[in-house]
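Chains as they are written, first to last, in the numbering used here: chain A, 3 to 320; chain B, 32 to 329.
In short, the hints are calculated from the structure, not lab data.
Owing to the predicted nature of the structure, the values given are computational and were not obtained by experimental measurement.
From the three backbone atoms N, C-alpha and C, an ideal C-beta is built for every residue, glycine too.
You may find that some hints are simply not true.
Unchecked claim - Okay, the calculated beta carbon distance ranges per label pair:
| id | chain 1 | residue 1 | chain 2 | residue 2 | range |
| --- | --- | --- | --- | --- | --- |
| 1 | A | 265 | B | 53 | 51 to 57 angstroms |
| 2 | A | 273 | B | 81 | 49 to 55 angstroms |
| 3 | A | 123 | B | 300 | 36 to 42 angstroms |
Unchecked claim - Interface residues of chain B toward chain A, partial, derived using beta-carbon atoms under 10 angstroms:
| id | residue |
| --- | --- |
| 4 | 61 |
| 5 | 65 |
| 6 | 70 |
| 7 | 72 |
| 8 | 79 |
| 9 | 80 |
| 10 | 101 |
| 11 | 106 |
| 12 | 108 |
| 13 | 250 |
| 14 | 253 |
| 15 | 256 |
Said to hold, decoys possible - Anything over 10 angstroms on all C-beta distances counts as not near chain A; from chain B, calculated:
| id | residue |
| --- | --- |
| 16 | 128 |
| 17 | 133 |
| 18 | 304 |
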Amino acid sequence: MTARKRAHARRSADRAGGRAAHRQELLRDMVRIRRFEELCVELYSAGEIRGFVHLCIGEEAVSVGVLRALTQDDAVVTTYREHGHALARGIPAETVLAEMLGRITGCSRGRGGSMHLFDTGRRFYGGHGIVAGGLPVAAGLALADNLRDDGHLACCLFGDGAFAEGEFHETANLAALWELPLLLVCENNLYAMGTPLAREHAQIDLAARAASYGMVAWAVDGMDVLAVERATRRAAEIVREGHGPCFLELRTYRFRAHSMYDPDLYRDKAEVERWRHRDPITTLARRMHARPCARRWPPTTGSSSWARTSDATAAPSG
Amino acid sequence: MGEDVGRYGGAFGVSLGLLDEFGPDRVRDTPLSESAFVGAGIGAAIAGMRPIVEIMTVNFSLLALDQILNNAATLLHMSGGQVAVPLVIRMTTGAGRQLAAQHSHSLEGWYAHIPGIRVLAPATVADARHMLAPALADPDPVVIFEHGSLYNASGSPEPDGAPADLDSAAVRRSGTAVSLITYGGSLGKVLEAAERLAADGIDAEVVDLRTLRPLDDDTVIGSVRRTHRAVVADEGWRTGGISAEIAARIAEQAFYDLDAPVERVCAAEVPVPYAHQLEEAALPQVAGILAAVRRAVG
Chain A
3 MTARKRAHAR RSADRAGGRA AHRQELLRDM VRIRRFEELC VELYSAGEIR GFVHLCIGEE
63 AVSVGVLRAL TQDDAVVTTY REHGHALARG IPAETVLAEM LGRITGCSRG RGGSMHLFDT
123 GRRFYGGHGI VAGGLPVAAG LALADNLRDD GHLACCLFGD GAFAEGEFHE TANLAALWEL
183 PLLLVCENNL YAMGTPLARE HAQIDLAARA ASYGMVAWAV DGMDVLAVER ATRRAAEIVR
243 EGHGPCFLEL RTYRFRAHSM YDPDLYRDKA EVERWRHRDP ITTLARRMHA RPCARRWPPT
303 TGSSSWARTS DATAAPSG
Chain B
32 MGEDVGRYGG AFGVSLGLLD EFGPDRVRDT PLSESAFVGA GIGAAIAGMR PIVEIMTVNF
92 SLLALDQILN NAATLLHMSG GQVAVPLVIR MTTGAGRQLA AQHSHSLEGW YAHIPGIRVL
152 APATVADARH MLAPALADPD PVVIFEHGSL YNASGSPEPD GAPADLDSAA VRRSGTAVSL
212 ITYGGSLGKV LEAAERLAAD GIDAEVVDLR TLRPLDDDTV IGSVRRTHRA VVADEGWRTG
272 GISAEIAARI AEQAFYDLDA PVERVCAAEV PVPYAHQLEE AALPQVAGIL AAVRRAVG
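Could you put together the complete structure from these sequences and hints?
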């Protein structure tokens, strides 16, 4: 083997190794979010967390794929179903959980709760409880980036329900008109609370409708974290080219009810089961020819007692 | 930024010439999308800009109420103090120009209900000129209500005058017999009433609230303690209006100083009619203020 061939083989092996390590990280992040959400269920059932709690179990590929494709300087505005987004952004799980427990050590000092997670140091601007209400704010963050010409973008995550709101359409038009560096990410989980997509939208091809505002828009399999990450990187590149916003429709599904209040009577159980076969975590694990190997998170030594610890900012041990 | 603030110069001419002076990046015409451009102002403010958003009239501000209430007024608190919104929103308010029911609202009392925003209502040329700079310096959202009937008022404010004090009401006329409490577009009517009362030997004090949130209790209560009688005049509807809040505060803080029940002169509880005489009848007028004062002074 010549030196050149050896170098080539080494680079290929490095790439394959790098790819495997990257996928391992994506898997770990998704499992971490899943475990966190399961812990929320436990704590909610125990009466430790109150109020509205919206879980993203089933939608982890969106959180991890989108947030990993952004830079730390990009701004993020999101919805009330944002535990996964916050964790994927790097907000410590301890402060997210402390927020839900209403503690001063929470990432919003206990003023926000589950729906209003903030961390401006990570340019994570909430956590918005009014459907589509975060969209105009994200446009304003993008406007500031645009005026400063700093190369950053604002990414707004929202659901298919928000697409029916005037605030989405006003913002899409404004951002396209002013060529703002805004990445619009529609997390289409097929239900606006209990109303299915087709009972809410005359035209359910959301990407096609977004494209009508004069922006690049396409739909992506939101259960495939690699596809989500790839699409988000591409969309972010397009936005950074400076010709205005870009729209991604990430087709996903939540495995649990809308919120902890929701008896989930409007969905066929068989439908939920069908989507469970496309679980983003097992999908990636299968592709990696490996079983999900992340250890139980948080540690198995009594997750509830860990959450009740007086210092919620302390790193979990065990 | 706002609708027609650039090339048109503002629906009421307030921003005339600014586009030429400051350019299209800083003076932005927006689509007719109140929620989007108010929200964009909020986002830009969060990012450290100091935007001034003009909403053409208070009537259209209802289309942006979600952004003003749920975001501008709320973000600082619900983020645990992380997200400040140094935004100024200006809008026209008020009736009296035969613009009928959908263009004649006086909803500044509604806005004054909301914690998290400062609400200003300039009544004089000097306040209109000098409230803007301190409003921009405020780290929190400020909403300025400009009464449409005052745009043609003339005066010569000092171009480099001191910034207005945004915390205090102003005594526009000193008196001893009764406190007339008002703001914005009603100040002129109240001052006219005070002059006519003076001719009848009733020496009225006139308090211009200037800032509707936070209210300057000290000036209002101090005046009532001196005069022992109060008449509140505003163009909002009577039920649940800002005048009700003023009356309640007087009752809470100066009840034993009162020699007569607090009187209110407000708009009739109907949509504002178009016809001149009907509109006049629906709004507070000098005659109504005089009648209320005469009831109060017995």
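Hint check results:
1. A:265 - B:53: 51 to 57 angstroms: Holds, at about 56 angstroms.
2. A:273 - B:81: 49 to 55 angstroms: Holds - the Cβ-Cβ distance for residue 273 of chain A and residue 81 of chain B, about 50 angstroms, lies within 49 to 55 angstroms.
3. A:123 - B:300: 36 to 42 angstroms: violated (50 angstroms)
4. 61: Nearest chain A Cβ about 7 angstroms off; hint holds.
5. 65: Residue 65 of chain B check passes; min Cβ-Cβ to chain A is 8 angstroms, inside 10 angstroms.
6. 70: holds (2 angstroms)
7. 72: holds (6 angstroms)
8. 79: holds (7 angstroms)
9. 80: Cβ of residue 80 of chain B sits 5 angstroms from chain A, so the hint holds.
10. 101: At about 5 angstroms, which falls below the 10 angstroms cut-off, the nearest Cβ of chain A leaves the hint on residue 101 of chain B intact, so it holds.
11. 106: holds (7 angstroms)
12. 108: holds (6 angstroms)
13. 250: violated (32 angstroms)
14. 253: For residue 253 of chain B, the interface hint is violated, since the closest Cβ of chain A sits about 35 angstroms away, which is over 10 angstroms.
15. 256: violated (38 angstroms)
16. 128: Answer for residue 128 of chain B: holds, closest chain A Cβ roughly 29 angstroms.
17. 133: Fine: 18 angstroms to the nearest Cβ keeps residue 133 of chain B off the interface.
18. 304: holds (30 angstroms)
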